Amino acid sequence: MNKEHSKAKKYGMVIDLDKCTGCGACMVACMAENNVPFKKDETNKLDSITWMRVYKLTNGKSFPNTEICYLPRPCMHCEGQHGHSPCVSVCPATATDYSQETGIVSQIYTRCFGCRYCMAACPYHARYFNWWDPVWPEGMEKSLNPKVSVRMRGIVEKCSFCFHRYQSAMEKAYYEERKELEEGEYQTACTQACPADAITFGDLNNPDHAVCQLKKSKNAFRLLERLGTNPKVYYVSTREWVRRSGDNYLRGYEKEGKVKKHRELAGH
Amino acid sequence: MKIGRRSFLSFVIGGAAGTALTPLPWKLTDDLSIWTQMWPWTPVPEDGEVSYTNSVCTLCPAGCGISVRKIEDRAVKIEGAEGYPASDGNACILGLSGLQLLYGPTRVRMPLKKENGKWKEISWDEAISQVVNKLSDLRSNDESPAVACISGSDYGTVPRLLRRFMTAYGSPNFMTVPSMQDSYALTLKLMHGVSALAGFDFENSNFVLSFGSGLIEGWGSSVRMFKAKSLWKEKGGKLVQVEQRLSNTAAKADQWVAVNPGTEAVLALGLANVIITQSLYDKAFVENHASGFDAFKKIVTGFSPDKVAKITGVEESAIISLAKAFAGASEPVAVCGRGQGKTPGSLHEFMAVHALNALVGNINKKGGVWAVPEPDYIKWPEPELDEVAQKGLATPRADGAGSEKYPDTKSLLNQFPKAVCAAEESPVKVLFVSGANPCYTLPGTKAVKEAFDKIPFVISFSSFMDETAQAADLILPNHGHLERYQDVPTPAALQNPLTGLAKPVVEPLFNTRHTGDVVIALAKGVGGSVADAFAWDSYEACLEETMGDNWDTLLEKGFVAQAFEPPGWDSAFTTSSGKFEFISQACMAESHQAAPGKIAIEGDNKKFPLILMPYDSIRLANGFIGNTPFLTKTLEDTILKGQDTVVQINPKTAKSRFIFLDDGDYAILSTPKGRVKVRVNLFEGVMPGVVAIPRGLGHTAYDDYLAGKGSNFNELISPVDDPVSGLDAAWGIRAKLTNVPL
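Protein chains in written order, with the working numbering: chain A, 987 to 1254; chain B, 75 to 816.
Hints in this document: simulated from the structure, not taken from any laboratory. Check before you lean on any hint, since a few could be wrong.
To be verified - In silico lysine-lysine, BS3-like type, Cα no more than 27 Å apart, as pairs:
#	chain 1	residue 1	chain 2	residue 2
1	B	K398	B	K440
2	A	K1201	B	K312
3	A	K1042	B	K729
4	A	K1025	B	K751
5	B	K577	A	K1128
Bear in mind the structure is a predicted one, so any value in this text is a computation, not a measurement.
Construct the complete structure from the given sequences, taking the supplied hints into account.
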């Protein structure tokens, strides 16, 4: 067996929060690419399906020392320890799975029966439940992308790192008798759409890919690292308060030394 | 066999255990999930061959290159086109969701005529002949100036065809939608003496001082600005944002200077004071290429840092260090045009800010402000004018542009509703509207709507059922933006001239017609010298002929980028002195000598203790195109909640002797122009005393995904005339927040 072929990939993202302007292009590119439905009122953000959502963080200081930072949040595609992502571990229907080949956490809509256990398990609110059937105004269903199936009422959906783009790229590569993809051949819709060039996507295991270097920055961090979810989305910010708010649950937790333990477990 | 209690129980338990061991329950759960998901109403998009068609987005004046992915003849995704100048590979959030406009329910599908308040379908031939009859009647009565036209832009072949039509027909009333570009054009006219557009070489600037410009909120060519901002970060360039609210631009800036509302020009003059008194200005430029420096110096003396600190609320030391940092940078540039630059603003403010660029000698230089020539690729021969046309064109404009009061301004759309409302009978009998939605976007919307009601015959060319189309009497729908050819002139604030070509990506879906073709048909219908001015068979023929040698390149590459080097200081200025003029003669006229600096806003500060200021968000389209469902979905719940606009106020503003508001509470927002119910968001990023309201909500037209959501800021304000230009200089209005009575 070809050694190169057997090497597992670990697709991940590095998002530069200093560059992100909160413009929302990633959100719309994602929705258009992945047939994400929309309702007439989307202002209840708890039931507004956004595979990619840009959060607004503030430093909590008063005028004029206030600062804000935008934080785009796709699915973190947690690896946990050896693929034990919080959601994968709890799914009773094997509707979500961790791919050892790509490191992508999948969501198989036809298997999901909507128990929402995964939503409860996900610490990032990256999963959304279809409370209603998707409705497109008459004529607008023409703009649906056939490469991504349309979801229906009663199931959970989330960001797939545009897995269909990986499939298309692999198909093309196989057709050209290649087994490996170039870095640019497989990019997510949000990465492609970011006008500020804040999102970088690639194989975290491949030293030639930009993400592999970027994640080593001293300003890089991941969300809620202490939970040991081992996410594959890294953030970079030169501002300390931003890095801190990436892990703002359970104040005072650090003292017990649990962060360190989880970091060790996560291979840091 | 006897079935006893014991055997029955063992049968049931054994059966249950046995079933659990088989795959049956799991298979059933799986099947159940499949059965409950196979609903016939869930659309299954048809697959097919994938192809890409490149075009240029025309939803806003930024003109980004786009690449549309198609499955057979369906367009399924819009992405940025790689290699297109300025936008290179990206498009803004509105452009990305453009398919929702193409396939959306708000398209006007055929020509419509309003009869007794109801829309009635009408054929193209009939619609055109009705307009032609009206036009011919007016013309034969020598009433040609009673026809007016509002165009979204002054540049490009469609606006120029409309303008040509007005000229050949004999009406001076061709108006364009004003923006900061008008104010910049006037600034360059008065200070440089040239007819040009302001371009900024941001890619090479290393110190950007922005006076309220939402550089990453959609100002200029939005995508290009996002890229420039990332470039500054990589190269260590600095961005200083002067603004009352912590906008995205302020948040991303290296320094946020929170200045008192409306005192931007004062701050600019204060900075000029420091630069001059500390002798930090570019002597080579000021001594050899500028005139009026002494007079300017005299004015600026009155703006000493301590005085300016009192007015602007910025500390004296901060003013001095900012001035030093600006003058000390190698490629500094100062820029203005508030928010997305969709309002023209005070001309004095533009000139004060531009004077800073002159002081540091960064005009027509690397990293500075360039005077970019107006697009000149349209070289049609002047139309022959018959007697009616000559007579008509000699009459004064309905909007007062070019009059004795405002001699340098080309168009004053903000004055037009006033003029119509003030007259007993509307001076305009037929009004064309193309690429614009004045019934929504113009400040003082109530007066605009009143004027529209008064004009007997309004014709809209809109592709969408927007507010202006709703107020019209006849809609002659243009093809959708992905169904038509259209030339795209240089985007706002770009330093290099660029011409793009939007191409049809899909066949027209409905019974629509290109506005260019309709204008040609109308001219032919009117006949005589008007028809002679339009020798083309079709718009496409006209466009091809206009583009000449560039046509093939445009078809193939999608754009023609001209190499441009701004003229050096020796030849850059064509004022009477041949130099840059710090003080323009135009501003010295008695009526124009308002104190440089503050433009007073409407409202009594006792009755209205707060100041309402609009803000722009890139996620909220506020131009002639409304938000798409995707865009509205991305809005934070601190902008729109349910059907209500959320205004941002400082927590200090929320608790006073008169009001007590918590985050998310309802409140009544009133201004001298109107009152609306809003929700409040307590945000430390807003200056105390300021109420920040998003622009782009409160549509009454469009679909259920947009109509009826929030309130339109333009209904709460009315224009304030700039003393020099006559353009709208309002930057806010006095306001009051009160608790909702229980």
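Against the structure, the hints:
no. : hint             : verdict
1   : B:K398 x B:K440  : 20 Å, holds
2   : A:K1201 x B:K312 : 25 Å, holds
3   : A:K1042 x B:K729 : 25 Å, holds
4   : A:K1025 x B:K751 : 24 Å, holds
5   : B:K577 x A:K1128 : 20 Å, holds
Every hint, counting from the list given before, is met by this structure.
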